[in-house]
Amino acid sequence: MGVRVHDGRVAVRHPSGMVGALSPTSPLVGWAGDAKWVAEAGRAAMILVPVLALSAGRHSSPAATAAAALLGGGVWFLALRSAFGVVPFTLGPVVPAALGTVSGLVAVSAFNLWLPGMRLPPSTLLVTAVSVFALSVVWEAVWQRLFAAKRRVLVIGTNSCASEVVEAMDGARESPFSVVGIVDDTCAAAPSGAPHLGAVADLAQIVEAQRPDLIVLAEGDSSGRVLNSLLDVAPNHFKVVGVTHFFEHAFGWVPLRHVTPSWFMSLLHLHQRPYSRFAKRTFDVACASIGILVVAPILPIIALLVRRTPGRIIYRQTRVGEGGKLFTMYKFRTMREDAEEPGRPVFAEADDPRVTSLGRALRNSHLDELPQLWNVLRGDMSIVGPRPERPEFVHMLEETVPFLSRRLLIKPGITGWAQLRCDYASDSETAAERLSYDLWYLRHRNLIVDLAICAKTFSALLLHSGR
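Counting from 21, one number per residue, gives the positions in the sequence shown under this note's numbering.
No lab work stands behind these hints: they were computed from the structure. Being a predicted model, the structure only gives us computed values, none of them experimental. Glycine included, C-beta positions come from ideal geometry on N, C-alpha and C. Accuracy of the hints is not assured; some may be wrong.
The list that follows gives simulated cross-link-like pairs (lysine-lysine, DSS-like), each with its CA atoms no further than 27 Å apart [what the hints assert, rightly or not]:
{"no.": "1", "residue 1": "Lys300", "residue 2": "Lys351"}
{"no.": "2", "residue 1": "Lys476", "residue 2": "Lys170"}
{"no.": "3", "residue 1": "Lys476", "residue 2": "Lys351"}
{"no.": "4", "residue 1": "Lys259", "residue 2": "Lys56"}
{"no.": "5", "residue 1": "Lys259", "residue 2": "Lys170"}
{"no.": "6", "residue 1": "Lys476", "residue 2": "Lys300"}
{"no.": "7", "residue 1": "Lys170", "residue 2": "Lys56"}
{"no.": "8", "residue 1": "Lys300", "residue 2": "Lys345"}
Just the calculated beta-carbon pair ranges, DEER-fashion [claimed, not checked]:
{"no.": "9", "residue 1": "Lys170", "residue 2": "Ala316", "range": "47 to 57 Å"}
{"no.": "10", "residue 1": "Arg336", "residue 2": "Gly244", "range": "53 to 63 Å"}
{"no.": "11", "residue 1": "Ser143", "residue 2": "Arg332", "range": "44 to 54 Å"}
{"no.": "12", "residue 1": "Asn384", "residue 2": "Ala59", "range": "33 to 43 Å"}
{"no.": "13", "residue 1": "Asn384", "residue 2": "Leu135", "range": "50 to 60 Å"}
{"no.": "14", "residue 1": "Asp222", "residue 2": "Lys170", "range": "19 to 29 Å"}
{"no.": "15", "residue 1": "Gln337", "residue 2": "Gly244", "range": "46 to 56 Å"}
{"no.": "16", "residue 1": "Ser296", "residue 2": "Val122", "range": "14 to 24 Å"}
{"no.": "17", "residue 1": "Gly343", "residue 2": "Thr280", "range": "19 to 29 Å"}
I would like the entire structure built from these sequences, with the hints used as guidance.
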């Protein structure tokens with residue numbers, strides 16, 4: 021299929037030889053804008069229906085019921101809309117739906133307390149909140165699957181950059197993005213699925229014809245010239261993003277090949293949303309304390325089972341923490357006592373033959389990591405953060421994996437974004453993959469992200485075996 025731009029129209033040549041044209045005023049192009057109203061209307065309906073149904077009969081007249089339902093539904097709608105705007109897209113719809121439902125419940129409860137016209141009992145408010153959350157999640161899933169048009173992405177830069185974007189979209193399950201083409205001065209062969217639309221000099225005409233929702237700009241010397249051209253057609257309501265930021269938004273990881281030292285400036289930026297050490301530490305201590313109280317009854321049982329195999333019950337190992345500081349990490353022993361020769365560290369593997377039969381069960385259930393709650397209370401680790409590495413592996417991997425030491429800017433964690441997305445780091449390639457997710461967390465970490473990662477960790481423990 022070939023594509024070329026002429027007089028503000030997109031000429032599409034199909035394999036059959038037939039040529040058609042898609043005008044910017046085509047109904048298919050206008051549908052993307054209309055679909056946003058469908059999404060908002062559906063979200064409002066998913067809120068208003070349970071609010072109206074559960075508040076019916078609680079007021080003196082139908083008019084009072086409608087007024088109370090509109091007030092409560094409006095508050096929940098604004099709360100959910102705000103939550104979907106602030107929660108990172110890659111965390112999925114469940115996290116913002118939960119955040120919006122809870123914040124809306126707090127606001128509606130305040131109105132219910134101070135406005136005599138509402139008078140809803142706490143049980144009704146709780147059932148309404150659960151209904152709003154469930155229906156909102158269902159609607160988002162139905163909307164994305166049946167109604168939402170994929171966001172049109174135009175890539176400006178080298179063919180290698182476009183190839184990376186196309187490959188990442190192909191690897192992502194049900195990606196909501198679609199590459200409409202690339203703009204590149206080299207005129208080289210375009211990657212599969214991304215037609216070459218022209219050079220930067222034709223950018224204004226290409227944007228007018230393609231009407232992209234998102235323009236991905238590869239970093240380079242020509243970025244200033246490209247931005248000047250885009251400013252001339254800015255009223256077309258597209259968004260512009262760098263390639264690294266696009267990967268962060270769309271896929272939840274950072275492409276290491278495009279990371280430069282200036283990328284880390286965002287960690288110190290004036291407008292960086294704060295996640296203070298006090299808030300992070302409070303979260304860690306609260307979670308670790310509750311966790312220890314909950315698992316305390318099973319700790320002696322696990323210790324007795326581990327004691328049945330020769331060796332120590334608690335395995336101590338030196339790991340690298342925040343700022344490169346060494347600390348002792350604790351785990352229930354899962355390997356044979358002679359699993360490793362002194363001075364010859366070996367990477368752990370998914371099906372490591374050194375693991376005992378009991379140790380394999382402990383690893384699959386993550387019960388071997390319960391002693392690390394003590395590391396959290398001591399301040400060596402966090403609940404959420406990059407996985408701590410052994411110093412021998414850090415020194416070895418730093419030679420081949422760029423920016424590996426930057427993951428030491430924060431405390432390591434029991435769980436984390438990379439732990440959810442990757443398996444063990446057994447070589448430089450898998451270590452680089454884990455680092456790409458750790459850098460995403462480094463930039464986007466906050467209380468909401470930490471809570472979401474904890475929730476996804478429990479979900480993975482319940483629904484999936486293994487790491």
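Against the structure, the hints come out as follows:
1. Taking the CA atoms of Lys300 and Lys351, the gap is near 23 Å; set against the 27 Å cutoff, the hint holds.
2. Taking the CA atoms of Lys476 and Lys170, the gap is near 26 Å; set against the 27 Å cutoff, the hint holds.
3. Between Lys476 and Lys351, the direct Cα distance comes to roughly 22 Å. Compliance with the 27 Å bound is thereby established for this hinted pair.
4. Between Lys259 and Lys56, the direct Cα distance comes to roughly 16 Å. Compliance with the 27 Å bound is thereby established for this hinted pair.
5. For the hint linking Lys259 to Lys170, the alpha-carbon distance of about 15 Å falls within 27 Å, and the restraint holds.
6. Of the pairs offered as hints, the one joining Lys476 and Lys300 holds, with about 19 Å between alpha carbons and a cut-off of 27 Å not exceeded.
7. Under the criterion of a C-alpha separation no larger than 27 Å, the hint pairing Lys170 with Lys56 is consistent with the structure, at around 12 Å.
8. About 19 Å separates the Cα atoms of Lys300 and Lys345, which keeps this hinted pair within 27 Å; it holds.
9. For Lys170 and Ala316, the Cβ-Cβ distance of about 50 Å falls inside the hinted range of 47 to 57 Å, so the restraint holds.
10. Under the hint 53 to 63 Å, the C-beta atoms of Arg336 and Gly244, about 54 Å apart, fit the expected range.
11. Separation of Ser143 from Arg332 is about 51 Å and conforms to the stated range, judged on CB atoms against 44 to 54 Å.
12. A beta carbon spacing of about 40 Å between Asn384 and Ala59 agrees with the range 33 to 43 Å that was offered as a hint.
13. Roughly 52 Å separates the CB atoms of Asn384 and Leu135, a value that falls within the hinted 50 to 60 Å.
14. Distance hint check: the CB atoms of Asp222 and Lys170 are about 24 Å apart, consistent with the given range 19 to 29 Å.
15. With their beta carbons about 50 Å apart, Gln337 and Gly244 fall inside the hinted range of 46 to 56 Å.
16. In this structure the hint that Ser296 and Val122 lie 14 to 24 Å apart at CB holds, the actual value being about 22 Å.
17. Between Gly343 and Thr280 the CB atoms are about 22 Å apart, so this pair conforms to the stated range of 19 to 29 Å.
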